[in-house]
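Start from the sequences and build out the full structure, keeping to the hints where you can.
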Amino acid sequence: MSTESKKLIKIGVYNKGKELNYTGRLLGLLSDKEYAAIIDTASLRKKLLTVPTTPLSEIASIPEKEIPGFRIAIAVKKREEDDVMKKVLFITEPIDFVSGVNSEKDVTFVGTDGSYIIVDEEEA
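In terms of the numbering used here, the sequence shown is numbered consecutively and its last residue is 818.
Taking lysine to any residue pairs in the SDA-like style, the calculated list, with each CA pair at most 20 angstroms apart, reads:
(1) 759 / 792
(2) 701 / 722
(3) 771 / 714
(4) 781 / 729
To be clear, the hints were calculated from the coordinates, so they are not data collected in a lab.
Here it is, written out as structure tokens:
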């Protein structure tokens, strides 16, 4: 999981009439076990924020049947249009299924809570 250029993702989460938008580095997918460990241990959260950026194409290439239950993790650079001054980690609800892969840089997921998670990758 490395990157030659700086790639950022925009992630929009839409649930029950509410919209959250973040821009940041894609850190990858987390299993329930990894998520539980990260929530319980501050040092693991800090360590996760330092992992190399994962290209969205890596996640888009995972077979759809293997995605359910995983969560998307990003290191937040912007919340809505405002820069984030300290290191912030955003982790989605578990993914229920992949709704659409429009390209390797544009993927839509549906969370187990019914939310739509739209991920777009762009060059920084």
